[in-house]
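Novice: Letter by letter, the chains look like this.
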Amino acid sequence: MTTLYERLGGEKAVDAAVELFYRRVLADGRIARFFDGVDMDQQIAKQKSFLTMAFGGPNAYSGLDMRNAHKRLVEKGLNDSHVDAVIENLNSTLRQLGVPEKEVREVAALADSVRADVLGRSAA
Amino acid sequence: MRLTYRDRPVDVAPGETVLDALLRAGVEAPCSCRAGQCQTCLHRATEGVPPPESQNGLTPAQKSLGYFLACICRPSEPLTIAPPDDAGARIEAVVRALEFLSHDVLRLRIEAERFAYRPGQFLELIAEEDLRRHYSLASHPEEDPFLELHIRLHPNGRMSRRLKADLRPGHRVHVAGPRGTCFYEGVDKEQPLALIGAGTGLAPLYGVLRDALRQGHHGPIRLYHGARERKGLYLTEELQALAGMRDNVEYVSATLDSGGDIAALALEREAPRVAETAFFLCGGENLVKRLKRDLFMAGASLKAIRSDAFTPASG
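First to last, the sequence lines map onto chains A and B.
Residue -13 is where the first sequence starts when you use my numbering, and the numbers rise one by one after that.
Residue 335 is where the second sequence starts when you use my numbering, and the numbers rise one by one after that.
If you are wondering where the hints come from, they were derived from the structure by calculation, not from laboratory data.
Every residue, glycine too, gets a C-beta built ideally from N, C-alpha and C.
Where hints are given, some of them may not hold.
Cut-off 27 Å, straight-line C-alpha distance, at most; resulting in silico cross-link-like pairs (DSSO-like, lysine-lysine) [stated by the list, open to error]: (1) A:Lys(-2) with B:Lys565; (2) A:Lys88 with A:Lys32; (3) A:Lys(-2) with B:Lys397.
Residues of chain B clear of chain A, computed beta-carbon distances all greater than 10 Å [stated by the list, open to error]: (4) Gly370; (5) Gly391; (6) Leu465; (7) Pro475.
Below, a sample of chain A positions facing chain B; criterion: calculated Cβ distance under 7 Å [stated by the list, open to error]: (8) Gly(-5); (9) Gly(-4); (10) Asp22; (11) Val24; (12) Lys32; (13) Lys34; (14) Ser35; (15) Asn45; (16) Gly49; (17) Met52; (18) His56.
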């Protein structure tokens, strides 16, 4: 039984996706403001670890890490519509790379699984 | 296995990571993903070689300087390590020459024994205990017997006053470093190079340009230098002469007082080959941040953009 991460192509697949994904996010007027003033090199490393998690790859994020990392953004108004926008951009990046629909949905579900923590809510 | 962290011994248990060893020893080492992805736990080995897998995802420049990710580093030899921004020990240097390159840019040449660096890195110049600033290196360690810094003088700046009023050849200062990853490493010799800077951002680019040529770079090189005013450009004649002698070097300048915006000009001219080019961006924070974003959005890979943003001195 191969894992989702292996089926997608592992670290190579993350590397292929990360810049395309980050470029889409920065070009998206709904969410671009949350990235104003950030160091782009540090941010791309964070995007890479986010994609690794969403691809089902190795990570050791705790809910608390996710909460702390996004706390400042929640104070700036981060809400469900922004999480939706990020997942939309993730989906279109994967489709652009020719990832099959089944895997696109699995990745979206994994990304969605941290929504409550990202938004600082108690899990539903 | 024994680590040395800032002069302090730290034991690493068999199979343990450097991050876990540091945390166990009470060092407040930052971390997040703990899986070698997010780079929050970046450290640098100043002695010893970190295992290659602990450098996964880092740039060639970072690797060459011994940077590694503590959360996936299980060392196989003793390491001396430091946080990523640690400037290291200070050493003494002697002032050799001070000369104006333009109305407000001073060229300071100093000599220090055993100061290893790559052209384009920066150092900390320490004039007094509480008077220290970062300056980029325009010199080349194999060509120049001195360290060369280009320093913009500010009418009310403390370092500026000190340099102008007091420092003379033969005087002693201290330096620490070097730091920074904006140097010629991990570039393909055939690759187009775009060196873009404003003001004293020329200093590191000048160092990188000479290093690239010395290492036999034969892809096209374009050096863009911008300034607010015409009189703010410097080394113009040398750079024009260099471009005249080398088929693959082009020198482009623009000044705001004659309607030229170096960032816009560079972006427009580099657009057709933006995905293949290696970029070096140096200068004020606004210029560097804007260019980095614009080049990335135009299709440049972030891995191909090396940058050094100058921040104003505080105090």
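Novice: Now look at each hint and say whether the structure bears it out.
Specialist: How the hints compare with the structure:
1. Under the criterion of a C-alpha separation no larger than 27 Å, the hint pairing A:Lys(-2) with B:Lys565 is inconsistent with the structure, at around 49 Å.
2. Restraint check for A:Lys88 and A:Lys32: the C-alpha separation of about 25 Å stays at or below 27 Å, so the hint holds.
3. Proposed proximity of A:Lys(-2) and B:Lys397 is supported: the alpha carbons are some 19 Å apart, at most 27 Å.
4. Here B:Gly370 does not stay apart from chain A, with its beta-carbon only about 8 Å from theirs, under the 10 Å limit.
5. A cut-off of 10 Å between C-beta atoms contradicts the statement that B:Gly391 is not in contact with chain A; the least separation is 7 Å.
6. With a cut of 10 Å on Cβ distances, B:Leu465 stays outside the contact zone with chain A, its closest approach being about 27 Å.
7. With a cut of 10 Å on Cβ distances, B:Pro475 stays outside the contact zone with chain A, its closest approach being about 26 Å.
8. Interface hint at A:Gly(-5): violated, since its Cβ lies 16 Å from the closest Cβ of chain B, which is beyond the 7 Å cut-off.
9. At a threshold of 7 Å, the smallest CB-CB gap from A:Gly(-4) to chain B is about 12 Å, leaving the interface hint violated.
10. For A:Asp22, the interface hint is violated, the least distance from its beta-carbon to any beta-carbon of chain B being 10 Å, above 7 Å.
11. Taking 7 Å as the C-beta cut-off, the interface hint given for A:Val24 is violated, the closest approach to chain B being about 10 Å.
12. The beta carbon of A:Lys32 is positioned within 7 Å of a beta carbon in chain B (closest approach about 5 Å), and the interface hint is therefore held.
13. Evaluation of the A:Lys34 hint against chain B yields a held restraint, the C-beta minimum of about 5 Å falling below 7 Å.
14. Restraint check, A:Ser35 versus chain B: the minimum CB separation of about 3 Å is within 7 Å; hint holds.
15. For A:Asn45, the interface hint holds, since its Cβ comes within 7 Å of a Cβ in chain B; the closest pair sits about 5 Å apart.
16. Restraint check, A:Gly49 versus chain B: the minimum CB separation of about 13 Å is more than 7 Å; hint violated.
17. Interface hint status for A:Met52: violated, as the beta-carbon distance to the closest one in chain B is roughly 10 Å, over 7 Å.
18. Proximity of A:His56 to chain B is violated relative to the hint, the smallest CB-CB distance being about 12 Å (cut-off 7 Å).
Checked against the numbered hints given earlier, this structure breaks hints 1, 4, 5, 8, 9, 10, 11, 16, 17 and 18; the rest are met.
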